[in-house]
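Student: Once you have looked at the hints, place chain F on chain W.
Chains as they are written, first to last, in the numbering used here: chain W, 1 to 688; chain F, 689 to 833.
Think of the hints as simulated: they come from the structure by calculation, not from any bench. Among these hints, one or two may not hold up.
[Said to hold, decoys possible] Listed next, the in silico DSS-like pairs over lysine-lysine satisfying Cα-Cα at most 25 Å (straight line):
#: 1; chain 1: F; residue 1: Lys804; chain 2: W; residue 2: Lys588
#: 2; chain 1: W; residue 1: Lys552; chain 2: F; residue 2: Lys828
#: 3; chain 1: F; residue 1: Lys828; chain 2: W; residue 2: Lys588
#: 4; chain 1: F; residue 1: Lys727; chain 2: W; residue 2: Lys448
The structure presented is a predicted model; accordingly, all values stated were derived computationally and were not measured.
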Amino acid sequence: MSRKKFSEWKSLIVWAVVLAAIPASSSAQTRTKDTEWPSYAADLAGTRYRPLDQINASNFNDLEIAWRIKTDNFGDRPEYKLEGTPLMVNGVLYATAGSRRAVIALDPATGELLWIHGEHEGKRGGSAPRQLSGRGLAYWSDGKEERILYITPGYRLICLNAKNGIRVPTFGDKGEVDLKLNDDQEILPDLTTGEIGIQSAPVVAKDTVIIGAAFREGMTPRSMRNNKGYVRGFDVRTGKRLWIFHTIPKKGELGYDTWEKGSAEYTGNTGVWTQITVDEQLGLVYLPVETPTSDFYGGHRPGNNLFGETLVCVDLKTGERKWHFQLVHHPLWDMDISSAPILADITVEGKPVKAVAQPTKQGFLYVFDRATGKPVWPMPEKPVEVGNVPGETYSPTQPIPSKPLAYSRNGTSIDDLIDFTPALRERAKEIVSRYHLGPVYTPPVVSKVEGPLGTLTLGTASGGTNWPGGSYDPETHMVYVYACNSCMEPIGLVPAPKEISDIKYIAGTAGQEVEILKGPGENAGADSPKPAKKKAGAGYVPMNIDGLPLVKPPYGTISAINLDKGEISWQIAHGETDDVVRNSPALKGMSIPRTGQETYNVGTLVTKTLVIAGEGHVTTTADHPRGAMLRAYDKATGKEVGAVFMPAPQTGSPMTYMVNGKQYIVVAVSGGPYSGEYIAYTLPSNEE
Amino acid sequence: MAIAGLGVIGAFFGMLRAQEAPSSERSVWDGVYTEEQAKRGEALYEKQCSACHGDKLAGRESAPPLTGGAFLSNWNGLTLGDLFERIRRTMPQTSPGKLTRQQNADILAYVLSFNKFPAGKTELYRQAEMLKEIHFVSEKPAAKK
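Next up, chain W with everything else stripped away, as it sits in the complex (with noise of 0.2 Å):
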C-alpha cells in the first residue's frame, strides 16, 4: 500500500463494537407492553408526545437516576454540547454520542452498551462546518431487517445493521452514501474541505431517508456565492438517490425569477437543517428552510428569495414541490425555519383540518392545512418598514398570523425593557437609545458611530423557538413550546472590505474593527489585512445590567396553544431565577417572581398528563446545589408538579419510553465544565 493509500484509508477508519449481545428474547416477551419512541420527534409528526403516565404528578419529584452514560470516551475529546435525542425500539435505545458522532446502542433498562459504531473522517470530519455528536439517528424495519441511519459530521449517510452497528454491505458504496456527490452541484472548494454538512437527524418515511444540509453560521459570510442546501431522498434499501428538491430553483423552476439579477446562480445556503417532517398518510413531506447566504444583508440577493425560509411541502415519493409558504420575504433577520412542522389533526370551528403547526423565532405559529397550504387563520400582507441599506432590496410586505397571537417577543419597544426599578428602566434605556428600535420586521441598519448601532431586535437569529422545536398533544389538540423571550439581537452593518468579503455589507458595528467572523488560523500570517483602528466612544454595548438583562421578564417561557381555537391557553416562565438576577444587589429586598431563563435551546416532551422540559441554565438556590432541574407541568394548566435535579442543563430534547413495564426518561445534559451524559431517569423499584 503507498504511503498516499495508507493515508486516505487511515483517515478513514470505520468501527464496530459488539459488546453484548441485544436481548431480543426478553424484549420479545414484553414487547407488546412498551411504549417506543422510534424517530427522533417520538413520531414522524413531530409531537414528541407518548401517551405514559406512569411518571405523573403524584411521583414526579420520586424520580432518580436509573443509568447514565458519559459521551467523553466516543471520540478523541470530550463534548460539552449534546444535543441529542435517543430512540427506544424493539427493546433497544440508540443514540449519537460525543465529538465523534459514534453511534451507540444501549439497554434501555440499564444502560448497558450492546455496541458501539464510529468514523474516523480525517480532515473532512475536523473542517466540517457542523460537528460533534449531532442530534440524532433514524431507525428503520421492515419487520425482518433492522437499519440505523445517521449523517457523519463531514455529510456521509450511514447505514448500519441495528443488531451489531456494523454497516449494511448492500447500502450504498459498503454501507454509505457520500452526500457531497450527486447533489447537482459540485461542492466546493473539493469534497474534503468543501462546506456542507447536517447535524440533525434524518428521517425515514415509507423506505425513504430524507436529508436537508447546514452550513457555518451567516452573519458574516466571505461570499456572496456558496454551496446550496438542497434536500434529497434515498431508498433506504439501496442508498440510491430517489429525488432531490432544490430550495433555490435552477432556471426554469417555479421561484426562479423570485431570485433577481441571476442571484440564484451564485447564492447558497438556503437548506434545510432542521427536523423535517412527514405525514406518510397523505405522501408528503414538510421541509422548513433556513435563509440565504448573509443573513442580514440582501442587496446581493434582491427579490423574494424563494424557498428561502419558506415552508415547503413536497411528494414523499417525487420530491415534486406541492405547497409552499414563505414565512418571511426577502430574508433579512436570520429566521431561518428553526425546528420541525408538527402535523395535528384539528378541529377549526367544527371542521376537522390536517394542519401543519409550525413554530418559529419570531414567535409566531404558523398554522396551514397540511394538504393544501392554505393559512387556517388569515395571514394578511400587512406593511413592515423598509430599510435604507445602499444596495438592499426590501419586501414592504410580511405575512402576519392573525391567530394565533406571537407566543413570544418579536419586536422591541420601550415598553419590554427592564422594569424592576425606575433607575435600571433608565439604564436600559440610555443603552437602547443608541440602537434603532421597532416591530417585528423592523430591518437591519447601517452602524455608525453617532447611532444608531443597530437595530436592536428581538425574535430574530436566537429569538424564539430555535432547534428543539415545540410539542403536540394529538389528544388535546395544544401545541407545548418553549420560547427565548429575551435574546436580544443587534443588528448593524458595516461595509465589508473587499479584502475581507465580497459582500457589501456584513455584521458589526461601527468603530469596531471590521472582521470577517473566521475559521482559526485564517488572515493570522503576514500581509494580512490591517483592521482600522477604534474609534473612541464606539463599539459594543452590552446588552444586559450588571448581568441583569436588558428586557423584562419573563425571559424564556413555556406556552399551551390550543390548536383548534388558535389562542394560548396559559404561558408560564420556564426556569429558576438566575443566580445573577436572584442575588443582584439592585433588587436586594425585593420579590420577584420565576423569571424564567434567557436560552433557547430548551425541548419539551408531553405524555399523558404532563410538560416535561429542563432548564438551559445551572442555578445554585437554597432546594438544591448547583444544577439544573428538569421540571414537570400539569399540561391543563401550566401549574409546576414536580421537579427533579440534573448536575447541568438540559442540551437535548427529553424523550420517554416503557419498557418492562417502567417508563423511562431520558435527558442529554452537557454544558459549562460538565461534558455530554445521557442521564435515564424511573421510579424507585417499590413504587412501580
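Tutor: Quick look at chain F alone, frame taken from chain W:
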C-alpha cells in the same frame, strides 16, 4: 391567556449564596487581568473563536454564548481555573489544544473584559492551578460597586 406557575421566589432573596466567596478570596471582580492582555486576547478571539461564538460573543446555533445569562449562570460558582481548562482542552473546536497557555489566558482576559469584569494591574495567570484560586462570581458584589 392565563399566566400560571409564576411561583414566588422572593423567599430566595436575602439568602446567602452557597458558593459566595469569603471576602479574603479573590474573584473576577478584583482586577485579575490587564487591559493590554485583553487587547491581545481580542485579536486572538477574532481569529480563533469568533467564527462560532460570534463577534459579540453571543453564540449561535453552533456554539454557546460567552456573555449574558447563559454564560454567567453556567460558570457562576466555579473558578477561572475551570473555565481556563475548558478552553485549553477543547478549543478551538477544529484543533483543540493548539493554543499556548499564554494565548488561552489572553483570550480568557478578553472574555472577562467583554463581560465588564474590571481590569487590574497584573495579567491573568497561565496555570490552571493558580486560576482555581480566582472565583467566577456572576453578580457584582455590593461592596465593589
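Student: Please work out if lysine 552(W) and lysine 828(F) have their alpha carbons no farther apart than 25 Å.
Tutor: 19 Å, holds
Student: Sort out whether lysine 588(W) lies within 25 Å of lysine 828(F), counting only the CA atoms.
Tutor: 13 Å, holds
Student: So if I understand the rule, the pair passes when the alpha-carbon distance is 25 Å or less; does lysine 727(F) with lysine 448(W) pass?
Tutor: 23 Å, holds
Student: Check the hint pairing lysine 804(F) with lysine 588(W) against an upper bound of 25 Å on the C-alpha distance.
Tutor: Holds, at roughly 21 Å.
Of the numbered hints given earlier, the model fails none.
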